[in-house]
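Here the protein sequences come in this chain order: U and Y.
At position 199 of the first sequence the residue is numbered 199 (our numbering), and the sequence of numbers has no breaks.
At position 76 of the second sequence the residue is numbered 76 (our numbering), and the sequence of numbers has no breaks.
These aren't lab readings, by the way, just hints derived from the structure by calculation.
Where hints are given, some of them may not hold.
Claimed, not checked - A few chain U positions that, by computed beta-carbon distances, are all more than 10 Å from chain Y:
#: 1; residue: G74
#: 2; residue: M147
#: 3; residue: A299
#: 4; residue: A457
Stated by the list, open to error - Computed spacing ranges between beta-carbons, pair by pair:
#: 5; chain 1: U; residue 1: K82; chain 2: Y; residue 2: A3; range: 48 to 54 Å
#: 6; chain 1: Y; residue 1: R25; chain 2: U; residue 2: G268; range: 46 to 52 Å
#: 7; chain 1: U; residue 1: R79; chain 2: Y; residue 2: R25; range: 30 to 36 Å
#: 8; chain 1: U; residue 1: P291; chain 2: Y; residue 2: L14; range: 57 to 63 Å
#: 9; chain 1: Y; residue 1: R25; chain 2: U; residue 2: V42; range: 22 to 28 Å
#: 10; chain 1: U; residue 1: F52; chain 2: Y; residue 2: A88; range: 29 to 35 Å
#: 11; chain 1: Y; residue 1: F17; chain 2: U; residue 2: V173; range: 29 to 35 Å
#: 12; chain 1: Y; residue 1: L13; chain 2: U; residue 2: F182; range: 32 to 38 Å
#: 13; chain 1: Y; residue 1: A60; chain 2: U; residue 2: R79; range: 31 to 37 Å
#: 14; chain 1: Y; residue 1: A88; chain 2: U; residue 2: G335; range: 28 to 34 Å
#: 15; chain 1: U; residue 1: G322; chain 2: Y; residue 2: T59; range: 50 to 56 Å
Each residue gets a CB set at the ideal place from its N, CA and C atoms; glycine is no exception.
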Amino acid sequence: MSAYVSDAINAIYVVAVLVFILGLKAMSSPVTARRGIRYAGVAMLIAVAVTFFSPGLSNFLLIIAGVAIGGLAGWYWARVVKMTAMPQMVAMFNGMGGGAAAAIAAVELLSTLGNQVTSSLSVAGAIIGSISIAGSMIAFLKLQGWMPSKAIVLPARQFVNTGVLVVGVASGVLLLWTGSFFWMLPFFVLLLLYGILLTLPIGGADMPVVIALFNALTGVAVALDGFALVNGPLGDAGYAMVIAGTLVGASGSLLTLLMAKAMNRSVGNVFFSAFGATEETGVTMAGSMKPIEASDVAAMMEYANQLIIVPGYGMAVAQAQGKVKELAELLESKGVPVKFAIHPVAGRMPGHMNVLLAEAGIDYSKLFDRDEINAEFPNTDVALVIGANDVVNPAAHRQGSPLFGMPILDVEGAKNVIVIKRGQGKGFAGVENDLFYRDNCHMLYGDAQAAVGKLVAALKQS
Amino acid sequence: MAADIWTALFIALLAIFVGYEVISRVPVLLHTPLMSGSNFIHGIVLVGGIVALGLATNTAEEAIGFIAVVMGAMNVTGGYVVTERILAMFDRSKPKEGSKPKGGGP
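Make the full structure from the sequences, and use the hints.
Below you can see the structure in the form of structure tokens.
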């Protein structure tokens, strides 16, 4: 009897895994993406449901209570949160996955510490899962604004961090070696601490890389737990975890590398250099920042052959995307084509700008990648930079600059560049922006929403 | 017994290539949904949590297993809802008021 049940459960896990792969595949096109996640959702529901029928399971009341509490909390929270809070939500739910992986590893260690193979895998899963939850929570706090988002640099950082990691991993090894549960506490505490210390010195603008990497790490932790489980009495669930976790680990690593490449920095540099904590000094700029009035900008845009809008984190902070859409529609009604130039790391998570503009209802056929649009700037009358800084900084072409080599949007090629910016401060990288001092560049100071609002008002009057 | 782990290793190796191939040409437009969707998929950890709690034999295992189930369930539902909400905004079949879909895009 129970053999049939196991076979049926196995068959369902196989189907679920297949649908996960197809669901991920569907993510490569906007037309099929939504269908993909729905199929994956159904597959997940069925996989979780059949797990209840696994032979030998007990503690049903606890399981149901846990699923109900966690499920409803996650569902409710993700429903009510504003779209602008999506980056921290992704970080939060990713952290939950890492925490679950660490907790499963802890249970495995408690129950099978005698088995060296299983326990070693559990220790590995626990290491990665703990780093993932602690790091994701710091990323969450920073993105949510409950913690300063700039790089927090503690003294002797590299030394302390490495020490914590080494002693933490050593506790794990001692746990395996001695078989004494005494080592579990320092093991978990130190690795959670390492996750925190690792993420503290990473500033807001590097978050796209961080979120992508922790996502991949959680996938790896889940896969390692799966390895540990395949030896146990209910190994079938382990295989499903190995496949799904590895899929996420691989795709997440790829996305992490893409994000790092878009900044021309290595993942190691993002994590260990405390980038942006120190400002570039000793560079003097020729020229000055020239302010401009909204009415002048409106006139300039009205007679432009084309307008390219370059959004950045400033647009997200001011939640100006609705106003930006109004501006774009107004100009198009006056016969001025409007395009959007999207830098891969603009904002706080991969694809952040795309999400904000889509929320405002701007059609994605108007959004262009860096490679697609860079050639168009020289033939464009007006480029409007809204709250973006480092991704349009020509210092990236200057030898010796911290930004040197970063692929940027070459807005300086446009006949006129208007930069909407709150003040004269430097960007996240702490580097002066050469662009602001160019002859063809003018500054429209103010909060992005207010400034774009003024532009809309001025255009309506004319 | 260790044979199971070798089998799992073969599977993982293949899954690495599948993961790489499947998403290697994702446009920037879909980076957020991809990340959020894979965030949802590692919610399969809930299955492991249920197994761990279901096989727990003492209070310590039950307590930690319960935490695993709660966190795993949050990962699953939160990850799903976030992805679904993001993708709903890219959906062209139901344009929001005021936005006029245009042809010519992908």
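Outcome of the hint check:
no.	hint	result
1	G74	violated, 3 Å
2	M147	holds, 21 Å
3	A299	holds, 26 Å
4	A457	holds, 19 Å
5	U:K82 - Y:A3: 48 to 54 Å	holds, 50 Å
6	Y:R25 - U:G268: 46 to 52 Å	violated, 26 Å
7	U:R79 - Y:R25: 30 to 36 Å	holds, 32 Å
8	U:P291 - Y:L14: 57 to 63 Å	holds, 59 Å
9	Y:R25 - U:V42: 22 to 28 Å	holds, 26 Å
10	U:F52 - Y:A88: 29 to 35 Å	holds, 30 Å
11	Y:F17 - U:V173: 29 to 35 Å	holds, 31 Å
12	Y:L13 - U:F182: 32 to 38 Å	holds, 36 Å
13	Y:A60 - U:R79: 31 to 37 Å	holds, 34 Å
14	Y:A88 - U:G335: 28 to 34 Å	holds, 32 Å
15	U:G322 - Y:T59: 50 to 56 Å	holds, 53 Å
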